[in-house]
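Listed below, chain by chain, are the residues.
Number of protein chains: 2
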Amino acid sequence: MSDIEPTYSDEPTRVRRLVAEFFSGQSGADVGADGLAVDLVAGADAKDDCAVYDIKEPVSLVVGSDYVRGPKFVLYEMGLLTGFDIGYYVVAANVSDVAAMGATPIGVLTVVRYPSELDDAGFRQVIAGIHQACTDFGVLNVGGDIGNAERVVLSATALGICRPGKALMRKGARPGDLLCVTGVCGVLGAAVAYFPRQEAEGWTLPAATEERLLNAWKSPRARVAEGRILAREPYATACQDTSDGLKATIDQIMAAASVGFRVVEQNVPIDPAVRAVAELMGVEPLALSMSASSDFQLAFTLPPEHLDACRAEFASAGLDFHVIGEAIEECRVESVNAVGVTRALPGVAWRHQTSDISLLATGSEAG
Amino acid sequence: MSDIEPTYSDEPTRVRRLVAEFFSGQSGADVGADGLAVDLVAGADAKDDCAVYDIKEPVSLVVGSDYVRGPKFVLYEMGLLTGFDIGYYVVAANVSDVAAMGATPIGVLTVVRYPSELDDAGFRQVIAGIHQACTDFGVLNVGGDIGNAERVVLSATALGICRPGKALMRKGARPGDLLCVTGVCGVLGAAVAYFPRQEAEGWTLPAATEERLLNAWKSPRARVAEGRILAREPYATACQDTSDGLKATIDQIMAAASVGFRVVEQNVPIDPAVRAVAELMGVEPLALSMSASSDFQLAFTLPPEHLDACRAEFASAGLDFHVIGEAIEECRVESVNAVGVTRALPGVAWRHQTSDISLLATGSEAG
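The listed protein sequences derive, respectively, from chains A and B.
Straight run, no breaks: the first sequence in the working numbering ends on number 375.
Straight run, no breaks: the second sequence in the working numbering ends on number 375.
There's no promise every hint is true.
If chains are identical, the list can't say which one is meant, so a pair holds when it fits in one copy or spans any two.
Said to hold, decoys possible - Here are the simulated DMTMM-like cross-link-like pairs (lysine to aspartate or glutamate), alpha carbons at most 25 Å apart as the crow flies:
1. LYS55 x GLU337
2. LYS179 x GLU19
3. LYS55 x GLU342
4. LYS179 x GLU207
5. LYS64 x ASP42
6. LYS174 x ASP316
7. LYS179 x GLU334
8. LYS179 x ASP38
9. LYS55 x GLU338
10. LYS55 x ASP328
11. LYS226 x ASP42
12. LYS55 x GLU29
13. LYS179 x GLU85
14. LYS179 x GLU241
15. LYS226 x ASP328
16. LYS174 x ASP62
17. LYS64 x GLU337
18. LYS226 x GLU125
19. LYS179 x GLU29
20. LYS55 x ASP144
21. LYS179 x GLU218
22. LYS179 x ASP47
23. LYS55 x GLU241
24. LYS174 x ASP47
25. LYS226 x GLU287
Derived by calculation from the structure, the hints in this document are not laboratory data.
Please take these sequences and the hints and turn them into a complete structure.
As structure tokens, this is what we get:
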């Protein structure tokens, strides 16, 4: 008697009955930040062709789009992540790009397409995850597109604002700047390396470690507060989120700024769960920490004279970061190990369309 | 000897060799409009986490996202539309939403995901179509996401600006306003009704008519100039693009503004190609003109006292529109035929997840 038959409403019904509640009361909201006056005149509740913001004074506006699918969905397809989780994730991924510019998010637009097998309850889960992430990151879901597709498709766009000219760009890094990161990297990549191969390899990890790996996917945090501090003075000269993995991030800042980097290996924070998976894989924990992974840490460069002030501001907000190296003149990325030996930075930088993590085991790119 | 082997580069190579040329030189562009000062500080060429705009004075910012797939792709999947065409279309669809707000587009972000079968030449076609549409609509493609997927996936976001408070919203329609449309509707829907069923039904149309049907898909025009005129004074009280078909558009303005509409059937412009397809289908040409179709005309409401001035401004820009009815107090949509008989407006309003046009033939929603 308690079983509920799944229902499969059409799109207008889903919009009216399952989505509308999340959008009510948006229009008229003050979405300004840092003293910048911006009003959301028409949000998703206005159901117009576009959302409308009134921007009342000069700002820098940042905007980026990220699509989520493919290899990133492997844990969802295995049933380890729910619709709620992937909805949450697509918002985190997009807000993270805004955070990496040192901006405060003022809105996201989400594209949610789903196959006919996804019933109303499953669809509502995805929307609920999107909504929860928006709530957690202090941003409104002001529009987008909902409808059918052959498979679940999630994509989003995030908008943010900061004071004019204060957006943090990758190209600003200078030799002598400190290379910093807000936290451990590689955890999401380690989860993708572990769970799909677990059975075939006969791997086991303690339940708490497995939970840590999955939780990194379930509640990724876009580093909005950190980005805002970095852009305030501005302290940082360059910033990027680590959504392609830390090594790829360092490579990309190098390319944009025409500087190189020297990483001090013992200063790189390594998550115990990454260490555990690396041990199973027979690879260096540092290499796995550096490789393809969709963590949303911020990697940034900081002139040494700003270190103390910046750390103090982080601390007063209950935040922290790690200094893991420095920018150098020569356009190469090298690392120095505990006994002073310099080598190419270990790890496999993310390449689209390849199963990157598996390369680690063959050592094909590991230094 | 002249045959060229298809190549399948990975994503970084495609970005570097096939896409970069379309993005060069964006950063630093003045993208302001109507005297509003907006600079694109970092475009797609900056390869940063986000694009960055400096907005130097108060503006209304509009933003919307549209995904393109499913039934809309049937002509592409039949080989009647090329990758270039669908790239062009996704930009037109998104710029059209900005135009419907009376805003001038300042950027689009595009998501292009493709299956492994799509070679470099095919991929480049899609990007070239996107680029051509951006050029035609006077907007830059400032970012997005490129990568693999199971099938071609296209989605985009468009941004636009207008003077503060001048964005055209659906809710502004008032009883007594004239109901207007910038041109013929139903052509794209007629193409989808015709080509897939042509062989099975033994239908033939003159080559020129078939070309007209396909060309509506190949070079859709977002009505940016028209929207800007409508928002200038502002002349229009409400505006929406007809991307769901004219009947659905009228229904949606009704819902937003709590007004009804009376359509004068003989004033609705009907394309000869729509008439020809309607005849083959055995349905009213008016019904097919009103039904599900992704034309990007603008439907808008105009206080009668603005009619002459608005028409003069349209004419001076080489543009025109049709007055097809008026807004009424009662929340219903009716139409008056040539002999003065009032009935429910014919046509099938778009419903997602149903094959709408086919309903026409059964008359299930036709009045």
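Cross-check of the supplied hints:
1. When the C-alpha separation of LYS55 and GLU337 is checked against a cutoff of 25 Å, the pair qualifies only between copies, where the shortest distance is 21 Å, while the shortest distance within a copy is 52 Å.
2. Taking CA atoms no more than 25 Å apart as the test, LYS179 paired with GLU19 passes between copies only; the shortest distance there is 22 Å, against 44 Å inside one copy.
3. For a Cα distance limit of 25 Å, the shortest separation of LYS55 from GLU342 across copies, 23 Å, qualifies, whereas the shortest one inside one copy, 52 Å, does not.
4. Taking the shortest alpha-carbon separations for LYS179 and GLU207, neither the intra-copy value of 44 Å nor the inter-copy value of 57 Å comes in at or below 25 Å.
5. Taking identical chains as interchangeable, the C-alpha atoms of LYS64 and ASP42 lie at most 25 Å apart whether they share a chain (13 Å) or sit on different chains (17 Å).
6. In this assembly of identical chains, LYS174 and ASP316 lie within 25 Å of each other by CA distance solely inside one copy; the values are 20 Å within and 47 Å between copies.
7. Taking the shortest Cα distances, LYS179 and GLU334 sit within 25 Å of each other inside one copy (15 Å), while across copies they are farther apart (56 Å).
8. In this assembly of identical chains, LYS179 and ASP38 lie within 25 Å of each other by CA distance solely across copies; the values are 21 Å between and 32 Å within a copy.
9. When the C-alpha separation of LYS55 and GLU338 is checked against a cutoff of 25 Å, the pair qualifies only between copies, where the shortest distance is 21 Å, while the shortest distance within a copy is 53 Å.
10. For the homomeric pair LYS55 and ASP328, neither the shortest alpha-carbon distance inside one copy (41 Å) nor that between copies (27 Å) is at most 25 Å.
11. For the identical chains of this complex, LYS226 and ASP42 are neighbours neither inside a copy (29 Å) nor across copies (45 Å), given an alpha-carbon limit of 25 Å.
12. Proximity of LYS55 to GLU29 under the C-alpha cut-off of 25 Å is restricted to the intra-copy arrangement: shortest distance 13 Å within a copy versus 37 Å between copies.
13. Taking CA atoms no more than 25 Å apart as the test, LYS179 paired with GLU85 passes in neither setting, with 38 Å inside one copy and 42 Å between copies.
14. Taking the closest pair of Cα atoms, LYS179 and GLU241 come within 25 Å of each other only inside a single copy of the chain (17 Å); across copies the shortest separation is 43 Å, beyond that limit.
15. For the homomeric pair LYS226 and ASP328, the shortest alpha-carbon distance inside one copy (22 Å) is at most 25 Å, but the shortest distance between copies (53 Å) is not.
16. In this homomeric assembly, LYS174 and ASP62 come within 25 Å of each other (Cα to Cα) both inside a single copy, at 20 Å, and across copies, at 10 Å.
17. For the homomeric pair LYS64 and GLU337, neither the shortest alpha-carbon distance inside one copy (42 Å) nor that between copies (36 Å) is at most 25 Å.
18. Taking the closest pair of Cα atoms, LYS226 and GLU125 come within 25 Å of each other only inside a single copy of the chain (23 Å); across copies the shortest separation is 33 Å, beyond that limit.
19. Proximity of LYS179 to GLU29 under the C-alpha cut-off of 25 Å is restricted to the inter-copy arrangement: shortest distance 20 Å between copies versus 42 Å within a copy.
20. In this assembly of identical chains, the alpha carbons of LYS55 and ASP144 lie at most 25 Å apart only when taken from the same copy (24 Å versus 28 Å across copies).
21. In this homomeric assembly, LYS179 and GLU218 never come within 25 Å of each other (Cα to Cα): the closest approach is 38 Å inside a single copy and 51 Å across copies.
22. For the identical chains of this complex, LYS179 and ASP47 are inter-copy neighbours only, at 18 Å across copies versus 31 Å inside a copy, given an alpha-carbon limit of 25 Å.
23. Taking the shortest alpha-carbon separations for LYS55 and GLU241, only the inter-copy value of 23 Å comes in at or below 25 Å, while the best intra-copy value is 39 Å.
24. Proximity of LYS174 and ASP47 under a CA criterion of 25 Å is satisfied in both settings, with 21 Å inside one chain copy and 14 Å between copies.
25. Proximity of LYS226 and GLU287 under a CA criterion of 25 Å is satisfied intra-copy only: 24 Å inside one chain copy versus 55 Å between copies.
When the structure is compared with the earlier hints, violations turn up for hints 4, 10, 11, 13, 17, 21 and for no others.
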